[in-house]
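Add chain U to chain W, keeping to what the hints say.
Chains W and U are the protein sequences, given in the same order.
Per our numbering, the very first residue in the first sequence carries number 19; after that it's consecutive.
Per our numbering, the very first residue in the second sequence carries number 19; after that it's consecutive.
Calculated from the structure, these hints are not laboratory results.
Any given hint might turn out to be false.
Note that the list lumps identical chains together, so a pair holds whenever it fits in one copy or between two copies.
With a cut-off of at most 30 angstroms between alpha-carbon atoms, the simulated DSSO-like pairs for lysine-lysine come out as follows [said to hold, decoys possible]:
1) K160 to K204
2) K143 to K160
3) K143 to K204
Remember, it's a predicted structure, so these values are computed and weren't measured experimentally.
There are 2 protein chains.
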Amino acid sequence: MTYQLYYWPGIQGRGEFVRLALEESGVAYQDVARNEGIPALMTGMTERDAAHPPFAPPFIVVDGMVIGQTANILYFLGPRLGLAPEQEAGRCWVNQLQLTIADIVTEAHDTHHPVSSGLYYDDQKSEALRRSHDFTTARMEKFLRYFEGIVQANPDGPAFLAGPALTYADLSMFQLIEGLTYAFPKAMAHLTPGLPHLMALHGAVAQRPRIAAYLQSPRRLPFNEQGIFRHYPELDADREAPQTYANPT
Amino acid sequence: MTYQLYYWPGIQGRGEFVRLALEESGVAYQDVARNEGIPALMTGMTERDAAHPPFAPPFIVVDGMVIGQTANILYFLGPRLGLAPEQEAGRCWVNQLQLTIADIVTEAHDTHHPVSSGLYYDDQKSEALRRSHDFTTARMEKFLRYFEGIVQANPDGPAFLAGPALTYADLSMFQLIEGLTYAFPKAMAHLTPGLPHLMALHGAVAQRPRIAAYLQSPRRLPFNEQGIFRHYPELDADREAPQTYANPT
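Excised from the complex, chain W in its bound form (with noise of 0.2 angstroms):
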C-alpha cells in the first residue's frame, strides 16, 4: 500500500498531524507537494477523483481513494499504522479526542486570523490582539486542562490519552504542546506546571526512535509565521502585566 500525503509545502500545519502518524509508523510514504510543489496539491484536490474532492489540504491518497479533514485521515489511517484501538469504543474515544484537539487548534490559528484568512495579519491585528487575550488567559488552560485530566484518568495508567498504547491523538498532543509552546511560550510557561502528565508524554513522544529521528531531519519543517501556530510577541499574554488594548465598542 502506497500513502500520498498532500498538504502546503512550506508549513508544518495539519498536514503535520498526518505526517507524525505516517513517520512514528515507519512506512513509506511521499510527501507529494514538498517534492512537486503546489501545482501538484492543486491538481491533486480537484483531478485525483472528481466526484469526491477534499475541501481543502491535507488530503491522502490510498489505493485510489482520496480522503481529507485531518480526523477523518487519522481515523482512517489508525488501525492501518497500529496507532488506534481495534476496538470500535475504543476508536470512538480516540476520535472524539482528536476532534477535541482539532477545536483547539482552530482556535490557536483564530489568534493571528480572528477576521479573515484571507487578509494579513496586519490588517486584522487589533482583533487578534484580542482574541489571543482571551485564547492565551482562558481557553488554553480550559483545553490544557481538560486533556491533563484525561491523561490523569485514563484507567489503563497516566502514559497515554486513550488505553494501553501510543495512538495518533498523542502524536497530535504532541504536535499541540510543540505549537503553543512556540507561539506562546510566556502562556505556555504559565501553564506547564499544572499539567504534568501532559508534558511527561509530550516528553515521552519526542524520545521515541521514530519521532526523534524525524524531528532532526530535514523532513520536520520549522515552525514560522506562515503557519497556523506562528509566534508574534504581542499576542502571548504575560499575566502579571495583561496587555490593554482599545475598546472596541
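Chain U in isolation, oriented as in the chain W frame:
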C-alpha cells in the same frame, strides 16, 4: 437500546445535528436537559463516565458509553440509525463531509463571537462586523459552492451528498441551510440561485415525513440569539452596498 441526548436546553446549537438524525430514524430517545434542566447536563458531562468525559455538549449516552463531539456522535449513530453507508469508504466520505460542515458551522458561530465565547456580542461587535463581512461575502460562497458541486457530481445521482440514500450529512446540510437562511437572509438570497442541487436537497429533507412532523412539533426549538445561527441584521451583508467599518490598523 436507549439513546440519551445531552445538550443545552434553550438552543438548537450543535445538538440539533444529532437531534435531526434521531428524529429521522424514528428511534426513541431522551432529550435529557430539555426534561431535567442544566444541572442534569452538568452531572452527565462529569459523572456518567468520569474517565471519558466530553469537553462540551452535545454528547450522547448509549449502553453506558458517553460519546462526545458532534461528528463523532453521528459517526457512531450513523449505521445504527440507517443513516450511513455500511462500507468503510462510504462512511469515510460521509465523515469527511460532516467535518467540513462542522467547519462552516464554527465559522458561522464566530461571526458573532470572533473574540471570545465568554463575552457578549455587544462587547465584540466591531470585530463581528468585519468577520461577518468576510463570511457573507467570501466564506459562505466557498463552502456552499463546494457542497453544491458535491451533490451535482454524486455518481449515484444528485439527490444526496453521498451515495444513493439519505445520510446524516444530508440532515446536517439541511440544518446548515436553515441556519444560514435564518442568520443571513440577504447573503443567502444572493447565493441560492447558484445552488439548485443544494436547495433541492434542503427541500426534500424538509418534506420527509418524520422531519416535517418534527419541525412542526414543540421539540423543534426556534432559532434565537443565543444559538450558533443568530440573526443580527447588521451582520448580514448587503452586496449592493457593502457595509463599511473603521479600519482597525
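### Query
Which of the numbered hints above does this structure break?
Every hint satisfied by this model.
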